[in-house]
Structures are given as structure tokens and as C-alpha cells.
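Number of protein chains: 2
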Amino acid sequence: MKIAILFGGSSYEHEISIVSAITLKKSLKRNEPLFIFVDSAREFYLIEPEKMKSKTFSSGEYKKAKKLSLERGGFSMAGGLLGGRKPLEFDCLLNLIHGRDGEDGKIAGMMEFFRIPFIGPRLEASVMSYSKLNTKLLAQALGISVLEYELLRKEGPRKLSRLEYPVIVKPVHLGSSIGVSIVREASQLDYALDVAFEFDDLVIVEPFVEGIREYNLAGCKTSAWELSLIEEPQKEEFLDFDKKYMDFSRDTRVQEAVIDAPLRERLETAFKNIYDPLFLGSLIRCDFFVVEEKVYLNEINPIPGSMAHYLFDDFEGIIERLAKNLPKEKSIPVDYRYIHSIQSAKGKA
Amino acid sequence: MKIAILFGGSSYEHEISIVSAITLKKSLKRNEPLFIFVDSAREFYLIEPEKMKSKTFSSGEYKKAKKLSLERGGFSMAGGLLGGRKPLEFDCLLNLIHGRDGEDGKIAGMMEFFRIPFIGPRLEASVMSYSKLNTKLLAQALGISVLEYELLRKEGPRKLSRLEYPVIVKPVHLGSSIGVSIVREASQLDYALDVAFEFDDLVIVEPFVEGIREYNLAGCKTSAWELSLIEEPQKEEFLDFDKKYMDFSRDTRVQEAVIDAPLRERLETAFKNIYDPLFLGSLIRCDFFVVEEKVYLNEINPIPGSMAHYLFDDFEGIIERLAKNLPKEKSIPVDYRYIHSIQSAKGKA
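Each protein sequence line maps, in turn, to chains X and P. So for the first sequence, UniProt numbering puts the first residue at 1; every next one is plus one. So for the second sequence, UniProt numbering puts the first residue at 1; every next one is plus one.
Next up, chain X with everything else stripped away, as it sits in the complex (with noise of 0.2 Å):
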């Protein structure tokens, strides 16, 4: 199976996306995969895979790839008979944009446009999992517990009305924990919001639990569930960007969590009831918070970093079987009844 890498994007997570790209090259060696980049124009290059190392980014490098045009069904590229366009051969295309343009249903909507098959969240799913509120209210529709939170807009009133500190501040709108602070007192609040407010008009403030649990599951629906390993992550983690950022590059895999069946069993069935069917086609991670025996849903992660192959045994066959069951678009038949109606109608009269 011919995999193709779409990776890059115009997204303060960029250079993440990059990051990720290169290691996941390693975790789909029997593929030996294409790789897609996008420049932060927009542009789409066809990089060599062995240029898939970040001094062919940072460089500029890169420019001197193939340049692909995205048309129905594909790409292509020029070289083809009589000066023509040749297509790019590949089976299923793999979404690896993280941030904007990624994660937030612009890829999703062009590849259903032009009926591209790809694995990575759909339309709906990416705007419901991009914004932290609409995973909220997601959440709750879902009947899955989500902890309290107030909205904060750039131009509003700089004030907590409910919530008590410490509190944590995070842009609606971005993954990764960019723009994302702790705030102690009522006296940070409005440098944290300063800072949050660089990278998002909305904000979303939420009580800092101290030790708070958490636990991290990937997976997605093959024809079978497929559910990885449960991760505890390490608690300074989701704070600091360029921990995550290193934390994009990993290749070694997780010790599991300790934790009993039955909370296993909760944690898996609320990622059951997120997943499907509105993330079907997507390799997900979900990061849930346990406080008293009780899970809440902290944040949906619909393109991993590195597509949290670090959590599988077993990744490779993964990515392959989520390829082959893919959910297939609606054929909606367009007949022109109503116009031909309409037209012997004024015909008649």
C-alpha cells in the first residue's frame, strides 16, 4: 500500500508537523511512504524521502522539490506526455498538518472535495476536536463529563466570575499548548491573557487541578477497534511547547499506566463513545482527566504527534488496516426532477 504524507501547513504548529513527518518515517519503513509537504504559502512540494530532514525546511531547500497541483482525485505534477501533467500514484493520503490548516477541516474539506481518500479526521470531527469549547459541548451532548470553564473574548471584561484559582488559560483555538498559562491569582490573570489572547480572540479558562491524574489513549475503528496502550504522561509535559515538541520526535514506547480494569474499561468507553461515528477514518488521541474515579474529557487530539505510534505495538498494520476501511462520502444523485418539473409545468401553461 502506497501511503503519502501531507505534513507541513500554514500553522504556528509548522514545524511540529515536520517533526513528526520525519519520525514517522521510521514507523512506516514496509510503506516507504511519499511525503507531501506544504509550505507555509501553500504551496505543495513532493519531497524526496531522503531530504526528510529539517535542514530541508529550515533552508529553503525544499523549493527545489516537484511542484503538485491538488485536482480531483489527486495530484499531479508536470513531466507528463507532451508537456502535460502526470498524476501522483498513491493509494491513501495520510493527514499530518497539525494545528491550522490540518486540524482545523481545511485538509478535510479539500480531500473530500476532490475525493482523495485519506486517513485523518473528517469535517465535522476536525471543528468539533479544534476549538476546546466545541469539544466541551461535544463532550456533554455525549454525556461524558468535561470540567467547568468560562469564555473570556479579546475585547470583554478581563474577570473571573466563577471559577477560583489556581486557574488554567488556554487560546480556544490551538493545540500543543501554545499561548497556554498557569495562572496562581487574580494578578496574572491579565498577562496570561495577554499572552493567550496573541494567538486567539476567545479564551478558555479552566479550574489547575495540582496532580491531577491523566491518561492518554489513541485509536481508532478498523474494521475492529483498535486501541492502544494507556499512557500516564509525565505532569510538566503539557505546559511547556518545546518539551512537546521533543516529545513529537520520540521512538521509543511508553511505559503503560497502572491502572485497575474497571478504569480501564470507563476510559475505553468513553473514547469508544467520542470516536465513533463522528471520527471515523482518523487515528485519535484522547487525553482524559481522573479526579475521585471519575473521567473527564481534557482534550481531543484528532492528529497526534507522530500519530502517537509510540502507543501501538503494532502501528504500521494499524495505519494499514484504518486505509481499507475508510467511511465512503454519500452518493447523492442529481437528476434535475424539480427543474424538468418545473419546466413542462411552464410548458403547459
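Rather than coming from a laboratory, the hints here were simulated on the basis of the structure. Hints may contain errors.
One copy or two, it doesn't matter: identical chains are merged, so the pair holds either way.
[Said to hold, decoys possible] Computed list of lysine to any residue pairs in SDA-like fashion (alpha-carbon distance at most 20 Å, straight line): (1) 272 x 232; (2) 328 x 41; (3) 86 x 43; (4) 55 x 272; (5) 272 x 155; (6) 2 x 46; (7) 154 x 277; (8) 67 x 86; (9) 294 x 212; (10) 86 x 71; (11) 328 x 42; (12) 294 x 233.
Using the hints provided, position chain P relative to the given structure of chain X.
Same frame as chain X, but now just chain P:
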């Protein structure tokens, strides 16, 4: 100002969109818009203004028109210098694709990705209004009342747990009353669900309130608020596809609803609350119910039929002002700071 109207699409409302575009041609006389047709295979065609008749599409004659390609900044067509392509010149695109493709966020995502200025709901606004469930969640988050509801899944149990008859059964993701039924007693539910599940895997059920007062308000924010008159639609209208279809082609102004100033104020406040900032860049119509003077959001129509032009005095002026007041995409610098810092750290090691 040159406006390009994008219409058609792979949607149950494909024909409605054609009628909508033909109708809009008369309302944008001053601008002599361009017409870009998306056929059901999702190819783009430039339709000459004199060919903007329903027969052009129902007969397949549109296939003789110039084919367009989507690319960064706009569309191009054959006929450039030295056998190359030339750009289609316009200032702003108007997304008039109703239903799938247009209202679900695909067109929005593509226009944002390729940086083409457009009038229409942005990606997140599309997804929040295309789904009747997401609309409820959004309204609740904004503190706007909605009718109570139950959700039914295609593969789930077929009975109501809380609502009493009569109810109205609707596919979650469709507009224009397609697949909608009124169900007066339990024995009719099964058939109504058969119909609705033809179109969607998720169905929403609401109480059907006989003689409920319904008010429609359209508008947008340019440099200031531009709100339409308030219409009280005819009751039978919202259930019949054929009537709705005819409605999309109407070109006479409607009678203004007779309501008192406080109710008008409440409707306008709810509209502004929904619109700003999520729907900036679009002209939407909100349909409200009023029960005992309390305002309920029924649905958001982010691309109303023929843009609800019949609700405005100066429709063409509004479209021109809207085109000049589109939301700007945030510019994200990509400077390879992290990759550089890692490379230099490695160099030192």
C-alpha cells in the same frame, strides 16, 4: 466590484442552488457577476451570463462551458499566453452552494486555504450551522433558548424517551426541509424515521407546536450592522420541498411582520449574539420561534435561498459592503526557530 457567484455542488440542494443563482442574477444587476458552476462531479465551469437558465444545466449543455481549475488566489482557465493558463479576474466570490459542499464547510475551507476572498460562512460557522445538533449546542453556549430535542441513531432504538407527540423529525445535517416529517402519534414514527435515515445517520426530534409563531431575520455585519426586515413566513412553507424550491426563486419583497418593539429588539439581540464573531463574512438568516414572548432559535441558514435578498431594501449595496469587510486570516510567521535551535544544540553536543 466584480463578484463571482459559486453555485451547484454535490448536494441534495444542487437544483435549488441553480435556481438561487438565476434569481440572484437579477438582484446584482449593477455588478454583472460572473457565474461559476460546480457540477455533481465537482468540476468547475464558467457559465456565460446569457446561459444562466435552468435548461443549461438540466440538458448538460454546461459541459461546453470553459472549465476552471482552483489554485492559490483564485481560478484559472485555458487560453493564456503560450498555451498556458490565465486567471479568472474577480474581486470576491459569493458562495451560493446550498447544502453539502457549500454549507458543510468544504467550500469555506478551500477558499480559506487558497486565500480567495469570499462571502459565506467560514469553516467553523459552517459546521456549527450545518448540523442541527451543533446549532443547539452553540445556542446553548450563547445563552439562547432552543426547543428541547432527542437524538436518534440509525442503528439505535426507534422510540422517544422524553418527548410527547406530535413531534417533528429531521435529519441532522440537511437543509430545505428534505427528509423532514411531522409525526402525530407513535405509530407514524417508524415511517418518518425511514424517510429521515435515507438522508442521514443521525436524526433530531423536536416537539411540533401547532401554530407556533415563526420569525425570520437576515443580516450581516459590514462596517455596521445591516439587518433585514423581519418576516413571518407562511406556516406550511417549512415542510414542503416543492414550495421551498419555488420560494428560492421569488423576487418580490415580503410583508413585514407586525411585532412590537421589545420583541423586535429581542430577535435582533439574539441574531447579533449568534452572528458576531462566528459568522463574520457571511449573510445569514436566522429562523426563530416565539412562544409566550420568549425567543427560541430554530435554525441558522448560513447561505439562505437567493441570499434572502427579498428581505432587504438595498441588497446589492449590502453585498458590496460585505465584500469590503471580510474577516482577515491571521498571518502566522514560520521562521524555523525550533528547528534551528535543535540543530544548533545538536551541533554543540
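Hints versus structure:
Taking identical chains as interchangeable, the C-alpha atoms of residue 272 and residue 232 lie at most 20 Å apart only when both belong to the same chain, with a minimum of 19 Å there against 44 Å between chains. Only between protomers do residue 328 and residue 41 lie at most 20 Å apart by alpha-carbon distance; the minimum there is 16 Å, versus 31 Å within a single protomer. Taking the closest pair of Cα atoms, residue 86 and residue 43 come within 20 Å of each other both inside a single copy (17 Å) and across two copies (18 Å). In this assembly of identical chains, residue 55 and residue 272 lie within 20 Å of each other by CA distance neither inside one copy nor across copies; the values are 39 Å within and 48 Å between.
Taking identical chains as interchangeable, the C-alpha atoms of residue 272 and residue 155 lie at most 20 Å apart only when they sit on different chains, with a minimum of 16 Å there against 38 Å within one chain. For a Cα distance limit of 20 Å, the shortest separation of residue 2 from residue 46 inside one copy, 14 Å, qualifies, whereas the shortest one across copies, 35 Å, does not. Taking the shortest Cα distances, residue 154 and residue 277 sit within 20 Å of each other only across copies (11 Å), while inside one copy they are farther apart (34 Å). For the homomeric pair residue 67 and residue 86, the shortest alpha-carbon distances inside one copy (12 Å) and between copies (19 Å) are both at most 20 Å.
For the homomeric pair residue 294 and residue 212, the shortest alpha-carbon distance inside one copy (12 Å) is at most 20 Å, but the shortest distance between copies (42 Å) is not. In this assembly of identical chains, residue 86 and residue 71 lie within 20 Å of each other by CA distance both inside one copy and across copies; the values are 11 Å within and 17 Å between. Taking the shortest Cα distances, residue 328 and residue 42 sit within 20 Å of each other only across copies (16 Å), while inside one copy they are farther apart (27 Å). In this assembly of identical chains, residue 294 and residue 233 lie within 20 Å of each other by CA distance solely inside one copy; the values are 18 Å within and 48 Å between copies.
Taken one by one, the earlier hints fail for this structure only at number 4.
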